[in-house]
Amino acid sequence: MSTTADVTTANRIESIAELKRLANRLRIEIIKMIGTAGSGHPGGSLSEVELLSALYFRVLRHNPKDPQWPDRDRFILSKGHGCPALYAVMAEAGYIDHSVLSTLRKMGSPLQGHPDKRFFPALEANTGSLGQGISIGCGMALASRLDKKDWHTFVMSGDGEIQEGQNWEAAMFAAYHKLENLTVIVDYNHIQLDGFLKDILDVSPLAQKFEAFGWRTLEIDGHDFNQVIPALETARAAKDGKPTCIVANTVKGKGVSFMENNPEWHGVAPKPDQVAAAVAELEAAAKKL
Amino acid sequence: MSSATIPNTKPKYEPKMGVATREAYGQALVELGTINPNVVVLDADLAKSTFSAKFQKVYPERFFTVGIAEANMVSIAAGLALAGKLPFASSFAVFLCDKGYDQLRVGAAYSRANAKYVGSHGGISIGEDGPSQQSVEDYALMCALPGFIVLSPSDEFCARALVRRMAEHEGPAYMRTGRPKTAIIYGPDDTFEIGKAKQHGDGRDVAIIACGLEVNYSLEAQALLAGEGIDARVIDMHTIKPVDEAAIAKAAEECGAIVCAEEHLLDGGLGSQVARAVGKSRPVPMEFVGIQNTYAESATPEQLMEKYGLTAPFIVKAVKAVLKRKSRT
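Chains as they are written, first to last, in our numbering: chain B, 1 to 289; chain F, 290 to 618.
These aren't lab readings, by the way, just hints derived from the structure by calculation.
As the structure is a prediction and not an experimental result, all values here were calculated from the model.
One thing to keep in mind: the hints can contain errors.
Each computed DSBU-like pair below joins lysine-lysine, with the alpha-carbon atoms no more than 30 Å apart [as the list claims (entries may be wrong)]:
| id | chain 1 | residue 1 | chain 2 | residue 2 |
| --- | --- | --- | --- | --- |
| 1 | B | LYS198 | F | LYS530 |
| 2 | B | LYS149 | F | LYS569 |
| 3 | B | LYS242 | B | LYS148 |
| 4 | B | LYS65 | B | LYS32 |
| 5 | B | LYS117 | F | LYS388 |
| 6 | B | LYS178 | F | LYS337 |
| 7 | B | LYS117 | B | LYS65 |
| 8 | B | LYS178 | F | LYS606 |
| 9 | B | LYS149 | B | LYS117 |
| 10 | B | LYS209 | F | LYS388 |
| 11 | F | LYS388 | B | LYS178 |
| 12 | B | LYS239 | F | LYS346 |
| 13 | F | LYS569 | F | LYS470 |
| 14 | B | LYS149 | B | LYS32 |
| 15 | F | LYS337 | B | LYS148 |
| 16 | B | LYS242 | F | LYS530 |
| 17 | B | LYS242 | F | LYS346 |
| 18 | F | LYS346 | B | LYS148 |
| 19 | B | LYS117 | F | LYS470 |
Chain F on its own, in the form it takes in the complex (with noise of 0.2 Å):
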């Protein structure tokens, strides 16, 4: 996308900065422990980086870092749970789902146990890491965990509120958060439900569907399309799996064009599960915004983003194409 296509003037869209979702986790830790003295924090030597040292610091009888083993703390957190306690587990999403997979499907999906799971520096928005650290496959694979909810909050109201949806939901869960500073899209009135999507603005040209940061760059293109005419709604879709699938008959059917944005891989992420949605309610042309098929590399995050095309330019470029087949049908 050559910024030449973008419109001169552009149209005001200055969200005020947050902090990261993973913090936002470390604080919504802390009031769940609070009021429930049955959480059990664990992590695997990646606390600071995860914000569950937040926990650690007020309850440390209940928070275990397990050394550097995954594999261990999954399956722990799942013996916690077959016990009855209410286990959150976390590291970077990478290690937690990638080294912990196994665990994660037979300790936790198979024995249904009532484990939390929560992967941070989620995506290639980590940076500078490079690869190893960048969690590109996170959703595809707890989705593709029987039993599973699987969450990808966009601010920090939407990471607090789902923390505390998780605890009250019985069975497996995973929420990914992110390393970067988020742009505040909700407020402390906001309220979520697990798989009841958020819309932002009701219009009837063409449906964005995002999770995580592309939420954020979802509103950005909404205003840059507006610009040039174009009427989108923006759907916050935190809840990958069970996906709500109202939400997206409707925007099927309102809309007649879809375009879905992700900071995953375009093989089994948020795109495969809405275009599963859209299939079965009614058939309309759909754009993917999403990583190709590839690893990324190290830099920063705002340049890795743009390489890889998930910044608002690419959002709005996927809407002028789906919008192209939109009017052949």
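The shape of chain B in the complex, shown without the other chains (with noise of 0.2 Å):
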């Protein structure tokens, strides 16, 4: 539970009406920055919004002015093109200024194209070769119970990112070990690159492989707060020997209508004219908050 060195009382956001409001900040400014670095991942940034917030700002143990706290918990970030919405969640929580944001893809900028702790060191991992950050977070969840501590380990992936085989290795080996103290969000999105999951290989039924693999497995929507923070504040706080998979449901350019499902915004950034309109949209949305 938290202690004094937990998400500081400045960071902790307790109404969820806040926590909304934030999202929809935090989607606009994805949008500005993928338009302003003219290339960039938008669809599977704007999925995984509520998911990052609700880890920053409710259930994380993790001190912005400390990054380097051994005992914070850890979170990696397997699908690192998903990287613009973790530093636009990163910068809301005091890690780096939000002027900074603007920097994104940038020669010299600590917001490198895909998740680089060299540039921006309060990343715990670098990403963006799919596949590997399940396994990461078992060394991670390793060296936490090896060093009797209780930070506990969070790491995201994409549901095409499930496709990897790596990932089964590491599932096998999570649940071998007993480590309950790493979860893995899978922000299911049911989009890759190329198109639906459905149509190139499909992952589903994704909890029951879990499972099956054995872990706990958490089906929830994606998107409502009140279902993302009682899920991952379960996990945060098993001790049945179990990882946990939190299958989350969401929708690939969440909050832009002319994002939302649709594979065509996997990976490519919006002109000025569209950055208009969905910061339009966004901000109409906003009010209605």
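Got two chains here, each in a separate frame; can you build the complex from them with the hints?
Take a look at the structure:
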């Protein structure tokens, strides 16, 4: 549970309504960041916003003023292409100034095209080659146990990413070694670069697969804070020897109507007029929150 | 190389045989585990062969076998390192490096993880198991990863010392160990530093730069050459990356001719590293002993080393070839 060094009082957001407003603001930042960068992955960034917000403002034990605090929880964005959302959340949490967000993918920026701790040391691992995050998370969870610590490791994976075979090596390992201090969140937005998973290589039934590998699974609506927060808290508190997989059903491109459920927006940056349209839609939505 | 060209009066080079470098690795892990509780050892169902099982026996709570899943093992080691542990992950070199390469690249090299990887059964001297088990490209693969140090010890004392140096070194590291027992070249009092070669003799006719098992063959060649009045120095380049540029420049300057010998494909291994250093310092004629653009086959280690041109007579032949070119320059 929380200690004084946990999510700082200033960062913890109790109100669900406030979290919803935050998610909306983050989506605007994500669209602007990727638009300014001229390249990037809007679809999978927009689908993970509530999941990341719940982590950084309610669940993760971390301290933005002391990013290397040894007892912090670890978060690995295995789907590294979704980093604009992570950068926006970490800016909101205080790891970097909001002004840095406009440097995404630019020479010298800490905000590299995929997560790179050489430039942004508060990141826990470099990712971008899919399928490695759960294994790295297994290593971190083992380290926590060997050191008799109670910090937790969270890994966010894409659903297309789950097609990589290494995930299942890691899934076997985590269950066999009873890594209850490891949680995998699958951003299940049903779309990968070339199209819908069901038309490429379907991973369903995803929860049943992880269950068969010995994991606890929780299936939730990944955009509903009232489901996301309890699922993450359940996973964080687990003491029964089972790692947790949260299958979070999400919508790719969530919040921008012309991007939603459209594979075209996996890895294409919006043009200035599209940025303006997306921001206008999100600002209109904000008024109803 | 026909035996007729080998002089009848064979100079004495009869080293005592010691244990394999893989066994020395297992011993070194136990010693390291005793002084450093942070050491964690991983293996992928080959612990008895890599000798990491020695550590498992003494420190079972700090040993994890991942099953037959090398990619997972490489990334788990990276995760352990990023969380402050000192992991050593071992398997056959060919499975560790080739199957785990993207994981070594992204999880270890690119993330600058302080993880140590040890590939056993390097080269073709593994013998009868054949090419699928014979690592002939690990130096090239591992040298191509920014930030990695790449080690290939020549005997048990060198291997034991280098395990200790690897542990002290901050950053990702790779070491190749071998299957067969090796001749004893050093003693318990010899010291080794990463990136600092060991020189045997100060001959000025030619420098033979070798690593791993080829150091012993080079010492044998040195004795054969001495019988013919050719004064060679042998340089044990146990660190392939960062290669000892100072020792290489000195050898080029003082000897004017260099032969490289390695149990590896000629592409991208020790010879490539040395040639680059030579080119940067004082270009001199070079010859290269190694595996020629092919996979080997099943046979005894001795038969394979002979057939694929890695034994002392082949080094002698290469020395004579390089000396001809040296005399023309």
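TODO: Would you check the hint for LYS209 of chain B and LYS388 of chain F, treating anything up to 30 Å between C-alpha atoms as holding?
DONE: Roughly 25 Å between the alpha carbons, so the hint for LYS209 of chain B and LYS388 of chain F holds.
Restraint status (C-alpha distance of LYS346 of chain F to LYS148 of chain B at most 30 Å)
22 Å, holds
_Holds or violated: LYS149 of chain B and LYS569 of chain F, Cα atoms, limit 30 Å._
Measuring from Cα to Cα gives roughly 51 Å; hence the hint is violated.
Notebook entry, point to check: Is the hinted pair LYS242 of chain B and LYS530 of chain F satisfied, with a Cα-Cα distance of at most 30 Å?
Noted result: 42 Å, violated
- Message: So if I understand the rule, the pair passes when the alpha-carbon distance is 30 Å or less; does LYS337 of chain F with LYS148 of chain B pass?
- Response: 29 Å, holds
Pair hint LYS242 of chain B and LYS148 of chain B, alpha-carbon separation not exceeding 30 Å: Status holds; Cα separation ~17 Å.
Notebook entry, point to check: Under the criterion that the straight-line Cα-Cα distance not exceed 30 Å, is the pair LYS178 of chain B, LYS337 of chain F satisfied?
Noted result: 25 Å, holds
### Task
Measure nothing beyond the straight line between the CA atoms of LYS239 of chain B and LYS346 of chain F; if it is 30 Å or shorter, mark the hint as holding.
The given pair, whose Cα atoms are some 29 Å apart, holds under the 30 Å limit.
Next on the checklist: LYS117 of chain B and LYS470 of chain F were given as a pair; does the straight-line alpha-carbon distance stay at or below 30 Å?
Outcome noted: Given pair LYS117 of chain B, LYS470 of chain F is violated - Cα atoms ~42 Å apart, limit 30 Å.
For the pair supplied as a hint, LYS117 of chain B and LYS388 of chain F, confirm whether the alpha-carbon distance does not exceed 30 Å.
This hinted pair holds, its Cα atoms lying about 25 Å apart.
- Is the straight-line distance between the alpha-carbon of LYS388 of chain F and that of LYS178 of chain B 30 Å or less? Satisfied, since the Cα-Cα distance of roughly 26 Å is no more than 30 Å.
Worksheet item: Taking 30 Å as the top limit, are the C-alpha atoms of LYS569 of chain F and LYS470 of chain F close enough?
Response: This hinted pair is violated, its Cα atoms lying about 36 Å apart.
Going through the hint list in order, the structure does not satisfy hints 1, 2, 8, 13, 14, 16 and 19.
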